[in-house]
Every structure is written in C-alpha cells, then in structure tokens.
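Participant: Kindly generate the complete structure, drawing on both the sequences and the hints.
There are 2 protein chains.
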Amino acid sequence: MVDIFKDELNLSSNEPDVNINKEEFIKVINSRRSVRVYTNEKVKEEDILSCLKLGLLAPNSSNLQPWEFYWVRSENKKNKLVEYCLNQPAARTAAELIVCVAKPMAWKKNKKKMLDLITKNDKKPPEAVVNYYKKIVPLAYNQGIFGIRGFIKSIIIFFISFFRPIPREPVSFADMKVWSQKTTALACQNLMLSFRAFGYDTCPMEGIDSYRIKKLLKLSNTDQICMVISVGKRAKNGVYGKRIRFDDEDFIHQV
Amino acid sequence: MVDIFKDELNLSSNEPDVNINKEEFIKVINSRRSVRVYTNEKVKEEDILSCLKLGLLAPNSSNLQPWEFYWVRSENKKNKLVEYCLNQPAARTAAELIVCVAKPMAWKKNKKKMLDLITKNDKKPPEAVVNYYKKIVPLAYNQGIFGIRGFIKSIIIFFISFFRPIPREPVSFADMKVWSQKTTALACQNLMLSFRAFGYDTCPMEGIDSYRIKKLLKLSNTDQICMVISVGKRAKNGVYGKRIRFDDEDFIHQV
Numbered sequence: 001m002v003d004i005f006k007d008e009l010n011l012s013s014n015e016p017d018v019n020i021n022k023e024e025f026i027k028v029i030n031s032r033r034s035v036r037v038y039t040n041e042k043v044k045e046e047d048i049l050s051c052l053k054l055g056l057l058a059p060n061s062s063n064l065q066p067w068e069f070y071w072v073r074s075e076n077k078k079n080k081l082v083e084y085c086l087n088q089p090a091a092r093t094a095a096e097l098i099v100c101v102a103k104p105m106a107w108k109k110n111k112k113k114m115l116d117l118i119t120k121n122d123k124k125p126p127e128a129v130v131n132y133y134k135k136i137v138p139l140a141y142n143q144g145i146f147g148i149r150g151f152i153k154s155i156i157i158f159f160i161s162f163f164r165p166i167p168r169e170p171v172s173f174a175d176m177k178v179w180s181q182k183t184t185a186l187a188c189q190n191l192m193l194s195f196r197a198f199g200y201d202t203c204p205m206e207g208i209d210s211y212r213i214k215k216l217l218k219l220s221n222t223d224q225i226c227m228v229i230s231v232g233k234r235a236k237n238g239v240y241g242k243r244i245r246f247d248d249e250d251f252i253h254q255v
Numbered sequence: 001m002v003d004i005f006k007d008e009l010n011l012s013s014n015e016p017d018v019n020i021n022k023e024e025f026i027k028v029i030n031s032r033r034s035v036r037v038y039t040n041e042k043v044k045e046e047d048i049l050s051c052l053k054l055g056l057l058a059p060n061s062s063n064l065q066p067w068e069f070y071w072v073r074s075e076n077k078k079n080k081l082v083e084y085c086l087n088q089p090a091a092r093t094a095a096e097l098i099v100c101v102a103k104p105m106a107w108k109k110n111k112k113k114m115l116d117l118i119t120k121n122d123k124k125p126p127e128a129v130v131n132y133y134k135k136i137v138p139l140a141y142n143q144g145i146f147g148i149r150g151f152i153k154s155i156i157i158f159f160i161s162f163f164r165p166i167p168r169e170p171v172s173f174a175d176m177k178v179w180s181q182k183t184t185a186l187a188c189q190n191l192m193l194s195f196r197a198f199g200y201d202t203c204p205m206e207g208i209d210s211y212r213i214k215k216l217l218k219l220s221n222t223d224q225i226c227m228v229i230s231v232g233k234r235a236k237n238g239v240y241g242k243r244i245r246f247d248d249e250d251f252i253h254q255v
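Protein sequence lines, in the order shown, are assigned to chains A and B. Going by our numbering, the first sequence opens with residue 1, and the numbers climb by one from there. Going by our numbering, the second sequence opens with residue 1, and the numbers climb by one from there.
No lab work stands behind these hints: they were computed from the structure. Fair warning: there could be bad hints in the mix.
[Unchecked claim] Listed next, with one range per pair, are the computed distances between beta-carbon atoms:
#	chain 1	residue 1	chain 2	residue 2	range
1	B	F158	A	E45	38 to 44 Å
2	A	T222	B	K108	29 to 35 Å
3	B	K42	A	N142	39 to 45 Å
[Stated by the list, open to error] Incomplete in silico selection of chain B near chain A, CB under 10 Å:
#	residue
4	N60
5	I156
6	F159
7	W179
Note that beta-carbon positions come from the ideal geometry of N, C-alpha and C, so glycine has one too.
Facilitator: In structure tokens form, the structure reads like this:
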C-alpha cells in the first residue's frame, strides 16, 4: 500500500492535486449501507488497522484530534459490548466491534503535543503558530472549573457581537461535547467508507448503553460515546431494504 | 453518471456487494486537506448538486435525516456569509460556500414522512415498522415542552438501568443537539470527500458567527449550524502544511 500516513511537520509544503477515478468513489458511497446481519467471514487484522488509520485522517479544528477508537477484541469484553448494544443483530453477528469515543477534554493534551512538535522540529518555529496554540486555543476551548470561564466568555461575546461577527461557541461543556462529537463523527464516516472500499460492511449504532460502555472501557467521566460501529461481510439479507431518502429539495436549498 | 439516487421503498431487497478499487478511494481520503486558499476557478453546478446528493447518502438513525445543506449563491448573502466566517481566506477566496445545518427537531416531520411512505407504497405495511415510527421514535426523540418528558424519561431509564442495559440518550434538548450534529457531520464528511473525488477541495469552518448565519438563512431557533464548508480548487500554497497526526497508538486502542 502507498505510504498514506506521513506525519512530518513542514509548515510550508505544497500538496498538488491528484487525479481520482470518481466512479470508484461513488461506488463506495453508494454501496455503503447499514448492514444488520453479517456472515461468519473474518475481517483481516491489517485491513482493520488500515481503515482505522484512514479514519483518523478526517479534518478537525486546530488539529486537536478529539477522537479515539477502541477496537474491542477480547472475547469477554466483546460479549459484554454486544449486550450493551442491546443484543441487536448488527452487533451480535458482527466480526468486529469498534467503539468511537469523542473526547471533549482532549484539546488540553493535544494542544501541548502540537506545541512540542512545533518547537522541537523547527529551529525557528513560526511565532503566530506558537501563539495560536499557547493563547488562542485555550481561550477558545478552556471553559474553566464548573464552566465559569465559558460563562464569562459568553457574556463578553454577547457584548462584542453588537459590533462585529464573532464565533459564539464553545462557551460551555455542552458545546465542547457537540464539538468533539461532530469531529469524531467525521472520522467515523471516514472509517465506514474505508471499510466499504476494503470490501467490508458496517453499521453505526447509537441505541446503546453508553454508561455501561464507558465503564467497560474504563473511560473518564468527560468522555463521550459517539457511536459503536460493527464490521463484517454482509449476509445475503443483511441490508434491510432499499435506501430511502426524501425529496432532495427538502434538504438542499439554494439561497 | 450511474443512477446513484434511487429512492424506491422495498423492504425486502437484497443488495449484493460490489467490487471497488480501493486505491482510488485511499487517494480521496489522503488528498483531502483543508484548503485555505483557492484559485479563481469555478465549480460546475452539476458537480455541486451531485456532491450534495452524495452527502445525503450518509447513515442516520431511524432514517430521520436531521440535516440540511444551504448552498449560498446570492452575491449579497455570500458576502455576508464570508464576513460571518470572520473573513478568513478559506471563505473569502472560495468559489462556493455551503452551510451545513443540523435539525434537532426534524425527527417530527421526517417520522411522519416515513410513515406516509410506508403506508402509501405498501399494500400491507409491516406492522413492526409502522409501530416503530408511531411509538418508538416519539418515545426516543420527543423531549416534551421544556424537556419535561426527557427529564421524566431519564429518571425511568435510571431505574431500569439497574436491571438491564438500556439506551441512555437522548433525554434532553442538549442530547438532541448532539444527535443531530453528529449525524449531520457524517453527511458533511461524505460531502467533503465527494468534492475531493470530483477534483475539488474544501475547508470545514467552525470558527464562525453561528447566530448571524442563522439570521441570514432565516433558520429557526432550534436549528444548529454544524459547519460551513467552502469549495473550490486549491491554490498552489492553499494547503498550509503537511498533515500532522500524533502517534496512532494514542488514538487506536485494542482492548
């Protein structure tokens, strides 16, 4: 496989466009269906790892990467997880289960990692970037103890907003949840499409006991379960019906 | 283009797997970067519509489709939107801007649409499905006036949870926001990857004045701005640096 996971830091790179056969991509989107029943076929370990890595290439604000994937492999934990997915066939018959976790507080650790990377690799780190991670990121994401900083921030934003446009969120832990959940969802969609491209199927599950799953994985209180994604090969009647979408004009507006 | 937008209702269909050239897909994920500066090149109208439609093929719980895309075409509105994206180059230099809206209350209207579809097309609609949309969906998503139903539900869930696993969310409007935002984000990732496959670039923007954007688009109070996505062709230095990801083992756990 091509080296898709380059990680070097180089702030002045130029990435040229590449040519893509779009019909192959459309096939991926179009054939991705939520599969409720899987065959007994295994999923190759190397494919799972490749897809998880492709998942992590989703975009995310300020590169704070507020996501984590838990690939639940132990027989015991997996059985419990199936139970916490309410024993639905999409979990029960799946070859593999992945818990996708959103981390509203990851900005703290990852901001530090960004600063370490920038100041380590670069002899003369760009001041604007250092400043961004030292000052702007905490200003945006730190809501303080009991959300007090966020509350004060929301009042200041309210007054400034009379004079000019200003970002309104995040100003509370609830906003941090939304931020991390939607960012993690971007990675989840990458992940599901990747499995499809690799010849596998998936089902995203939300009707789950998030509390028990958090205990099972020993997650912290602030961590959020975004969804559980099951993986395998579709059984013959694994898709429960043709895809239904309401009229496009109800969802696509031109204004 | 192949007919990717079939909408028929057929609850016992069997969708076979399809063969995909995964290298083409990997190129899409890998070459998708947040582009901050675009060229003057236009984006074909038909491509935008195709990509928006592909976006809407993302998975979503109970097929409630709590998302909407606003393609902002009027010169006046677009100028304002650029301002509300704080005039950042990714918005200012973009050929097109799309506002992605999460709709926490869309379940009501769309549940009804699902019921209409099922009972209209099918002579003998499957009772379990009718029951699901008539009873289970409101039970799950209706939080009631001032969230009172949700609050009562959370108490009942608390007691039941001692005896068996049970879904914990959504039990508040905050949970409905998370639900609709993460579902919309799945569609957003579909959309961004689609543009990439079609030869275009995107930038998702969160640092925006969501309040002013809601006013601009005449959205309801409950609607949420998920993100604004700009579209165009990347300028030579449109990507601000190589992609940085921290060590995979910090994000991919095998348990």
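Participant: What are the numbers of the hints the structure violates, in ascending order?
Facilitator: 5 and 6
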